[in-house]
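K.L.:
Chains as they are written, first to last, in this note's numbering: chain S, 6 to 486; chain W, 2 to 492.
Bear in mind the hints are in silico, worked out from the structure with no lab data behind them. All values derive from a computational prediction rather than experimental measurement. Worth double-checking, as some hints may not be accurate.
Stated by the list, open to error - Within a straight-line C-alpha distance of at most 30 Å, the following computed DSSO-like cross-link-like pairs (lysine-lysine) qualify:
{"hint": "1", "chain 1": "S", "residue 1": "Lys139", "chain 2": "W", "residue 2": "Lys344"}
{"hint": "2", "chain 1": "W", "residue 1": "Lys344", "chain 2": "S", "residue 2": "Lys82"}
{"hint": "3", "chain 1": "S", "residue 1": "Lys124", "chain 2": "S", "residue 2": "Lys139"}
What the hints assert, rightly or not - A short, non-exhaustive set of chain S residues, derived as facing chain W with CB atoms under 10 Å:
{"hint": "4", "residue": "Trp13"}
{"hint": "5", "residue": "Thr49"}
{"hint": "6", "residue": "Gly99"}
{"hint": "7", "residue": "Gly111"}
{"hint": "8", "residue": "Asp286"}
To be verified - Chain S is nowhere near these chain W residues, computed Cβ spacing over 12 Å in every case:
{"hint": "9", "residue": "Gly195"}
{"hint": "10", "residue": "Ser318"}
{"hint": "11", "residue": "Asp324"}
All C-beta atoms in this analysis are idealised placements derived from N, C-alpha and C, irrespective of residue type, glycine included.
Now for the letters of each chain:
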Amino acid sequence: MFTWDEEWEVVIGLEVHTQLQTKSKIFSGSSIEYGAEPNTQASTVDLALPGVLPVMNLEAARLAVRFGLAIDAHINKTNVFARKNYFYPDLPKGYQISQMELPIVGAGAIEIETESGIKSIGVTRAHLEEDAGKSLHEDYQGKTGVDLNRAGTPLLEIVSDPDMRSPAEAVAYLRKLHNLVQYIEICDGNMQEGSFRCDANVSIRPKGQEELGTRTEIKNINSFKFVERAMEYEIERQIDILEDGGKIAQETRLYDSDKHETRSMRSKEEAHDYRYFPDPDLPPMVLSDDFIEEIRATLPELPEAKKSRFETNLGLSSEDASILTSNRATADYFELTKSLCSADTKIIANWMIGELFANLNKSELEISSSPITPAQFAKLLDRLHDNTLSGKTAKQVFAALWENVGEVDDIIEQKGLKQITDTGAIEAIVDEVITDNPDQVEQFKGGNDKVIGFLVGQVMQRSKGKANPQMANQMLKEKMS
Amino acid sequence: MTITTLSELAQQLSSGKQSSVELTQDYLNRIEESKHNAFISIDPEKSITAAKKADERRATGDTAPLLGVPIAQKDIFCIEGTLTTCGSKILENFVAPYTATVVQKMHDAGIVSLGKTNMDEFAMGSSNETSYYGSVSNPWGSQEQPLVPGGSSGGSAAAVAAQLAPAATGTDTGGSIRQPAAFCGLTGLKPSYGRCSRYGMIAFASSLDQAGPMTHTAEDAALLLNTMVGFDSRDSTSLELPAEDFTHNIDNSLEGLRIGLPKEFFSDGLDSEIAELIENAVRTYETLGATIKEVSLPNTHLALPSYYVIAPAEASSNLSRFDGVRYGYRAEEYSDLVDMYTKTRTEGFGEEVKRRIMIGAYALSSGYYDAYYSKAQKLRRLISDDFTRVFENCDVLMGPTTPTTAFAQGSRTDDPVSMYLNDIYTIPVNLAGLPAISIQAGLTQQNLPIGLHIISPYLQEAKLLNVAHKFQQVTDWHQKTPTISAEKGDK
Numbered sequence: 006m007f008t009w010d011e012e013w014e015v016v017i018g019l020e021v022h023t024q025l026q027t028k029s030k031i032f033s034g035s036s037i038e039y040g041a042e043p044n045t046q047a048s049t050v051d052l053a054l055p056g057v058l059p060v061m062n063l064e065a066a067r068l069a070v071r072f073g074l075a076i077d078a079h080i081n082k083t084n085v086f087a088r089k090n091y092f093y094p095d096l097p098k099g100y101q102i103s104q105m106e107l108p109i110v111g112a113g114a115i116e117i118e119t120e121s122g123i124k125s126i127g128v129t130r131a132h133l134e135e136d137a138g139k140s141l142h143e144d145y146q147g148k149t150g151v152d153l154n155r156a157g158t159p160l161l162e163i164v165s166d167p168d169m170r171s172p173a174e175a176v177a178y179l180r181k182l183h184n185l186v187q188y189i190e191i192c193d194g195n196m197q198e199g200s201f202r203c204d205a206n207v208s209i210r211p212k213g214q215e216e217l218g219t220r221t222e223i224k225n226i227n228s229f230k231f232v233e234r235a236m237e238y239e240i241e242r243q244i245d246i247l248e249d250g251g252k253i254a255q256e257t258r259l260y261d262s263d264k265h266e267t268r269s270m271r272s273k274e275e276a277h278d279y280r281y282f283p284d285p286d287l288p289p290m291v292l293s294d295d296f297i298e299e300i301r302a303t304l305p306e307l308p309e310a311k312k313s314r315f316e317t318n319l320g321l322s323s324e325d326a327s328i329l330t331s332n333r334a335t336a337d338y339f340e341l342t343k344s345l346c347s348a349d350t351k352i353i354a355n356w357m358i359g360e361l362f363a364n365l366n367k368s369e370l371e372i373s374s375s376p377i378t379p380a381q382f383a384k385l386l387d388r389l390h391d392n393t394l395s396g397k398t399a400k401q402v403f404a405a406l407w408e409n410v411g412e413v414d415d416i417i418e419q420k421g422l423k424q425i426t427d428t429g430a431i432e433a434i435v436d437e438v439i440t441d442n443p444d445q446v447e448q449f450k451g452g453n454d455k456v457i458g459f460l461v462g463q464v465m466q467r468s469k470g471k472a473n474p475q476m477a478n479q480m481l482k483e484k485m486s
Numbered sequence: 002m003t004i005t006t007l008s009e010l011a012q013q014l015s016s017g018k019q020s021s022v023e024l025t026q027d028y029l030n031r032i033e034e035s036k037h038n039a040f041i042s043i044d045p046e047k048s049i050t051a052a053k054k055a056d057e058r059r060a061t062g063d064t065a066p067l068l069g070v071p072i073a074q075k076d077i078f079c080i081e082g083t084l085t086t087c088g089s090k091i092l093e094n095f096v097a098p099y100t101a102t103v104v105q106k107m108h109d110a111g112i113v114s115l116g117k118t119n120m121d122e123f124a125m126g127s128s129n130e131t132s133y134y135g136s137v138s139n140p141w142g143s144q145e146q147p148l149v150p151g152g153s154s155g156g157s158a159a160a161v162a163a164q165l166a167p168a169a170t171g172t173d174t175g176g177s178i179r180q181p182a183a184f185c186g187l188t189g190l191k192p193s194y195g196r197c198s199r200y201g202m203i204a205f206a207s208s209l210d211q212a213g214p215m216t217h218t219a220e221d222a223a224l225l226l227n228t229m230v231g232f233d234s235r236d237s238t239s240l241e242l243p244a245e246d247f248t249h250n251i252d253n254s255l256e257g258l259r260i261g262l263p264k265e266f267f268s269d270g271l272d273s274e275i276a277e278l279i280e281n282a283v284r285t286y287e288t289l290g291a292t293i294k295e296v297s298l299p300n301t302h303l304a305l306p307s308y309y310v311i312a313p314a315e316a317s318s319n320l321s322r323f324d325g326v327r328y329g330y331r332a333e334e335y336s337d338l339v340d341m342y343t344k345t346r347t348e349g350f351g352e353e354v355k356r357r358i359m360i361g362a363y364a365l366s367s368g369y370y371d372a373y374y375s376k377a378q379k380l381r382r383l384i385s386d387d388f389t390r391v392f393e394n395c396d397v398l399m400g401p402t403t404p405t406t407a408f409a410q411g412s413r414t415d416d417p418v419s420m421y422l423n424d425i426y427t428i429p430v431n432l433a434g435l436p437a438i439s440i441q442a443g444l445t446q447q448n449l450p451i452g453l454h455i456i457s458p459y460l461q462e463a464k465l466l467n468v469a470h471k472f473q474q475v476t477d478w479h480q481k482t483p484t485i486s487a488e489k490g491d492k
C-alpha cells in the first residue's frame with residue numbers, strides 16, 4: 006500500500022460528472038446515443054444557431070432528484086440554471102448552462118468503509134448541467150474538428166466535501182458512488198465512454214493543522230486505477246515541493262496516464278472568470294412535493310438496505326452479502342436466480358461467488374454479459390438440489406453452459422451425467438469397493454470413521470461421479486457394520 | 002397620399018378587388034424604388050410564391066382575416082432559407098435554416114413576408130445608425146435634413162411610414178418598437194413579456210426582448226397581434242394563456258377610465274412642445290370620459306442605469322455564440338484559436354455592440370457582480386413594484402414616448418449617453434415586463450410626429466388597444482403621412 010511521510014495529512018475532495026440516462030439531451034430533443042457519426046445528433050439548439058432557446062428536459066431533473074433522495078440530501082425545490090461563460094470551439098453557445106447558487110441537490114452524505122471502520126463523506130451539492138461537445142485533433146491536417154453530438158448531454162456534477170484523507174478513501178468513495186448511480190439507474194457508469202468522470206482536488210497540510218493547504222485540481226482521470234495513481238503522484242509532488250521549502254501553486258493539472266504524471270494546465274492567474282449569472286432563458290425550476298414523492302416511491306432498494314436484508318433475511322454471511330450487493334447487476338442476478346430455483350440460498354451464493362465469478366473474471370466479462378443466464382443458472386442449481394447432479398457433474402454442466410452448448414437438461418442427457426440414485430446400481434459398486442479394499446474396511450470396523458471418505462471416493466470414481474454420494478455413504482456404513 | 006391599413010387591404014383581398022400577388026408585387030415595386038434603405042434584403046420570388054399560395058387558399062374558401070396581406074419583417078427574425086443578418090457584419094452570410102415562431106404563425110395565417118428590414122446591429126441602438134448595412138432615413142425628414150427613424154426597429158418604422166409595407170414586425174428590448182414608432186408617426190405595441198415566443202428571434206437581452214407589431218392604427222396592431230401571440234413549447238419563457246381576440250373589445254367606451262400621469266415622465270429634459278401635445282392628447286381622453294390624475298413612479302430615475310447593466314450583461318453572453326466557428330463571418334487570417342476569436346469578433350461586430358459586450362462582461366465579472374448585476378436586479382424589482390402600486394388606482398398610465406422628436410442623422414453617434422437617454426420613458430416598461438403602446442398624438446411646428454406612450458398592467462394588451470383605438474376614432478394624427486405634410490409645407 007502507498008504510504009507517505011507521517012508528518013503530512015492529505016485532503017481530497019472529488020467532483021464527479023455522471024452522465025444521466027435520459028433518452029434526449031437536457032435542453033434539446035436530440036438523442037444522446039453514444040458513438041453516432043459526428044454531428045448527426047446535433048440540432049439547431051445544440052449548434053447554438055441564432056435565436057434558438059433551451060427547454061428543460063424534466064427527465065434529467067427526475068434523475069437528479071432520485072440521486073438526492075438516495076443519499077438523503079436536501080432537495081432544492083426551487084433551483085436555478087446559470088450560465089458559465091467561456092469560449093471554446095466545442096462549447097457552441099460560448100457558455101455552458103449549469104447551476105451555481107441554487108443547485109437541484111443540496112447537502113447529503115455517502116458512507117464508505119475504511120480500514121478504521123465506516124466513514125461518512127459529505128456531499129456538498131449535486132447540480133445539473135449540459136456537457137460540451139468534443140474537439141477532434143486528428144485527421145484534419147492541422148485543423149481541429151468539432152463533434153457536437155455530446156453537446157447538451159445531461160450531467161449531474163456531484164461535489165464532495167474535502168473529507169477524504171487518502172487516495173484509498175477517495176477510491177472507496179468513488180466506487181461507492183459508481184455503484185450507487187447504477188443501482189438507482191441514473192447513470193450507466195461506463196467510464197470508457199465518459200459516462201462517469203472524476204476531477205480531484207488534492208492538498209496536503211502538516212498533521213494537526215486546521216487550515217487547508219493550497220489545492221490543485223487534477224483533471225482527466227477516467228479509471229479507478231488512474232484516480233489512485235494520479236492522486237499518489239500529486240501528493241508526492243506536493244510533499245516534495247513543501248519539504249524543499251517551496252510553495253504549491255493553485256492550478257489545474259492534467260493527469261497523463263501514459264507518463265504517470267500530472268502537469269500544469271492553467272494557473273490561478275490564467276483561470277477563467279466564468280461570469281456566472283442566472284440564465285434568463287430558463288425560469289427557475291420549481292419542483293412540487295408530489296413530483297418529489299413520486300420519485301421517492303420508485304426508488305429501488307439501496308445497496309446498504311439490500312446487504313442487510315441479505316444477511317438478516319437470507320442468512321448470508323456479511324462477506325457474501327457484501328459481494329452480492331457490490332453492484333446492481335450482481336444483486337439482480339442473484340435475486341432472479343433465487344426466485345427461479347429451490348436450491349439453498351447459501352448454495353446459490355457459493356456457486357455465484359465461486360464458479361460464476363471465477364469464469365467471469367477469467368473471461369474479463371461483466372455479469373451483465375454473462376453467457377449463462379440467471380434462468381439457466383437456476384436450472385443447474387435445481388438439478389444439483391434434486392440430486393440429478395453431483396457437485397462434480399454440476400461443474401461439467403456449468404462448463405458446457407458457459408460454452409453455450411445448450412440447455413441444462415439437454416446437456417445432462419447428452420453427456421449422460423444423470424446421477425445414479427438407483428439403489429441396485431449403487432449397491433453393486435459398493436459391494437465391489439468393499440471387496441477390493443479389505444484393509445480400509447478393517448480400519449473402519451476398528452473405529453476409524455475417517456476412512457469412509459476414501460471408500461465413498463472409490464464409489465464415485467467407479468461410477469464416474471454419477472453415484473449419489475450420500476446414498477453411497479449410507480450404504481457403505483450399513484454393509485460394514 | 003393617405004395611409005393604407007391592414008384592415009382595408011384585407012377587405013380588398015376578400016372582396017376580390019386585388020389578388021395577394023398583385024398587392025405584393027405593388028409593395029415590392031415600391032421597395033425597389035425607395036431610397037430609405039429600410040430593407041436589408043428582399044427575396045421577391047419567395048414573396049410572390051407566398052402570395053400565390055395565399056390566393057390559392059382564398060380560392061378554396063379560406064377566409065383567414067389577414068390572408069394574403071404582405072408585411073415587412075425585422076431582420077432579427079430567422080426565416081428559413083432567408084438571409085438573416087440582425088444588422089451585423091458577423092451574420093452577413095447567415096441563411097437561417099429555420100423560421101422564428103412568430104413569423105411562422107403569421108405565415109400560417111396567410112401573411113406574406115415582403116423582406117427583412119434594417120435595424121440597429123443586434124437591436125442595440127436608438128437611431129438605426131449602428132447597422133452594418135447603413136443608416137435608414139426617416140420619411141418625415143428631408144434630403145437637406147436627414148433624420149433618424151429611431152431604433153432599433155428603424156427599418157420597420159421607415160418602411161411602414163413610407164408605405165413600403167402596410168405593417169411590420171419589430172422587437173422591443175428597451176423601446177425599440179415604440180421609439181421608432183413615435184419618430185415615424187406610427188402605432189407600435191410592445192406586448193407583455195412572454196406573450197410572443199422569442200424562438201427564432203435573435204436574442205439581445207433575453208429577459209427584456211419582446212416582439213410586437215408596428216402599424217398605422219391600433220386596430221391593425223390588434224389584428225397583427227392576434228396572429229403573433231401564443232404559447233410555444235420551444236420558449237420556456239412564453240406564457241400559456243387562453244386564446245384572446247384583441248379586436249373584440251377595441252371599441253369599448255372609455256367612460257370612467259382612470260389615467261395616471263407619472264410626474265417623472267414630464268420632468269426636465271422633455272421637449273416643451275412635446276409636453277404640450279401630450280397634454281392635448283390627454284384632454285382628448287377627458288372628452289372621452291376618462292379621469293386624469295398625477296401619480297408617481299419614484300424609482301424611474303433608476304431605470305436607465307439598471308437597464309444598462311442588465312441588458313449588456315445578458316447581451317455579452319448571448320452574443321458569445323458569434324465566434325466564427327460554426328456559421329457567420331470568420332476573420333480571413335489568424336494565427337491560432339484565440340487570434341481567430343479576437344479578429345472575428347473585432348472585425349465582425351460594430352462599435353456599439355462591442356461597447357455593450359464590454360460593459361456586460363465587466364458587470365458580470367467576479368468582484369463586480371454584486372455591485373452591478375445583483376444591484377441592477379434589485380433596482381429592477383423596485384421599478385416593477387412602482388408600477389404595481391400605481392396600477393392599484395389607475396387603469397393606464399400615459400406620457401410621452403420620447404423626450405424629443407426624431408433627431409438629425411449623425412447628431413448623437415459620438416455621445417452614447419445622449420443616445421441612451423432617448424429610451425428613458427420606454428425602458429421602465431421592459432424592466433417590469435409590462436405591455437405598452439406608442440401612438441402618434443400630434444405634429445410639432447417642424448412637422449415632426451410625436452408619440453403618446455400608454456402603459457397598462459401585465460397582460461392587458463386588449464385594454465391598451467382599446468384606449469389607443471378610441472383616440473384614433475376621434476383624431477386623425479395617425480392618418481398624417483410624411484408626403485401629405487410635405488405637400489402642405491410646399492404650399
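K.L.:
Now tell me, hint by hint, if it's right for this structure.
P.N.:
Here's how the hints hold up against the structure:
1. S:Lys139 / W:Lys344: holds (23 Å)
2. W:Lys344 / S:Lys82: Status violated; Cα separation ~44 Å.
3. S:Lys124 / S:Lys139: Distance ~37 Å between S:Lys124 and S:Lys139 Cα, so the pair is violated.
4. Trp13: Since chain W brings no Cβ nearer than about 32 Å to S:Trp13, farther than 10 Å, the hint is violated.
5. Thr49: It holds, given that the least Cβ distance between S:Thr49 and chain W is near 6 Å, below 10 Å.
6. Gly99: holds (2 Å)
7. Gly111: Interface hint status for S:Gly111: violated (22 Å vs cutoff 10 Å).
8. Asp286: OK, holds: S:Asp286 within 10 Å of chain W, min 5 Å.
9. Gly195: violated (10 Å)
10. Ser318: Violated: least Cβ distance 5 Å, not greater than 12 Å.
11. Asp324: violated (6 Å)
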